[in-house]
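Just need the whole structure built from these sequences, with the hints factored in.
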Amino acid sequence: DTEVTQTPKHLVMGMTNKKSLKCEQHMGHRAMYWYKQKAKKPPELMFVYSYEKLSINESVPSRFSPECPNSSLLNLHLHALQPEDSALYLCASSQQTSGRTDTQYFGPGTRLTVL
Amino acid sequence: GESVGLHLPTLSVQEGDNSIINCAYSNSASDYFIWYKQESGKGPQFIIDIRSNMDKRQGQRVTVLLNKTVKHLSLQIAATQPGDSAVYFCAENMVWSSYKLIFGSGTRLLVRP
Chain C
22 DTEVTQTPKH
32 LVMGMTNKKS
42 LKCEQHMGHR
52 AMYWYKQKAK
62 KPPELMFVYS
72 YEKLSINESV
82 PSRFSPECPN
92 SSLLNLHLHA
102 LQPEDSALYL
112 CASSQQTSGR
122 TDTQYFGPGT
132 RLTVL
Chain G
440 GESVGLHLPT
450 LSVQEGDNSI
460 INCAYSNSAS
470 DYFIWYKQES
480 GKGPQFIIDI
490 RSNMDKRQGQ
500 RVTVLLNKTV
510 KHLSLQIAAT
520 QPGDSAVYFC
530 AENMVWSSYK
540 LIFGSGTRLL
550 VRP
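Those protein sequences? They're chains C and G, same order as listed.
So for the first sequence, the numbering used here puts the first residue at 22; every next one is plus one.
So for the second sequence, the numbering used here puts the first residue at 440; every next one is plus one.
Simulated from the structure, these hints should not be mistaken for laboratory data.
Every value quoted in this text rests on a predicted model; they were computed, and no experiment measured them.
Backbone N, C-alpha and C define an ideal beta-carbon position, used for all residues, glycine too.
Be careful, since some hints might not be right.
Unchecked claim - Below, simulated DSS-like cross-link-like pairs (lysine-lysine); rule was C-alpha separation at most 27 Å, straight line:
1. G:Lys539 / C:Lys30
2. C:Lys61 / C:Lys74
3. G:Lys495 / C:Lys40
4. G:Lys539 / C:Lys59
5. C:Lys40 / C:Lys74
6. C:Lys74 / C:Lys57
What the hints assert, rightly or not - From chain C, some residues computed to sit far from chain G (all C-beta separations above 10 Å):
7. Leu32
8. Met34
9. Met48
10. Lys57
11. Ser83
12. Pro90
13. Pro104
14. Ser107
15. Ala108
16. Gln125
17. Val135
Structure follows, in structure tokens:
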């Protein structure tokens with residue numbers, strides 16, 4: 022089983038709203054990722070969690086706030102977003118094998134529209 | 440392939456033919472390469488990967504070739520089917536950054552019935 026699930030599938034929010042995206046995996050993976058993808062572009066890395074600790078923040082604006090409550094869950098809290106933040110937000114996970122790169126498995130994404 | 444602006448390079452093939460999608464990667468220090476398939480409205484789906492100590496790897500109907508001399512990666516799909524229509528991304532990972540995948544710009548594969 023290589024399934025990563027994400028909710029909601031679609032989200033429309035105003036610039037003053039607060040919302041959260043959720044991601045879950047039950048593969049025992051210890052690294053989890055948030056990516057942002059604009060139309061006709063490749064995914065862009067936002068955050069990486071390793072063993073539930075934030076490992077990488079790719080200079081993402083503070084209006085995006087990640088959280089990793091446990092090894093299976095990853096959240097992305099959204100506040101005061103801008104219309105240009107509208108995109109497909111993808112979650113991914115991978116094993117944490119020492120000394121090598123592991124395959125990242127992606128979820129279906131949340132299509133976010135900011136009005 | 441390379442894309443300019445919002446236009447993805449497109450490969451159009453006849454159903455049943457073989458497809459070859461090419462990718463030039465950027466860093467000679469990369470040691471892991473992966474191909475993803477992304478259908479419209481869905482997340483990227485893992486197809487096949489290869490490590491730098493290999494030059495060829497085969498899966499079911501797919502083959503990945505790695506040429507480290509010219510930093511070139513290709514994905515071959517045998518007997519292409521309509522369900523293969525999607526955008527294909529290559530990605531590379533550098534040995535010193537085990538988390539960060541660097542994605543290519545993507546190629547759209549269209550399968551003509």
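Hints and how they fare:
1. G:Lys539 / C:Lys30: 25 Å, holds
2. C:Lys61 / C:Lys74: Status violated; Cα separation ~31 Å.
3. G:Lys495 / C:Lys40: Status violated; Cα separation ~45 Å.
4. G:Lys539 / C:Lys59: Distance of about 18 Å is within 27 Å: holds.
5. C:Lys40 / C:Lys74: Distance of about 22 Å is within 27 Å: holds.
6. C:Lys74 / C:Lys57: 20 Å, holds
7. Leu32: 14 Å, holds
8. Met34: At roughly 19 Å from the nearest Cβ of chain G, methionine 34 of chain C sits farther out than 10 Å, so the non-interface label holds.
9. Met48: Fine: 12 Å to the nearest Cβ keeps methionine 48 of chain C off the interface.
10. Lys57: At about 12 Å from chain G, lysine 57 of chain C clears the 10 Å cut-off, so the statement holds.
11. Ser83: 21 Å, holds
12. Pro90: Label holds. Min Cβ-Cβ 20 Å, cutoff 10 Å.
13. Pro104: Check passes; 18 Å lies beyond 10 Å.
14. Ser107: 15 Å, holds
15. Ala108: 13 Å, holds
16. Gln125: Nearest chain G Cβ is 6 Å from glutamine 125 of chain C, so the label is violated.
17. Val135: It holds; valine 135 of chain C is separated from chain G by about 18 Å at its closest Cβ, greater than 10 Å.
Against the hints set out earlier in the document, violations occur for numbers 2, 3, 16.
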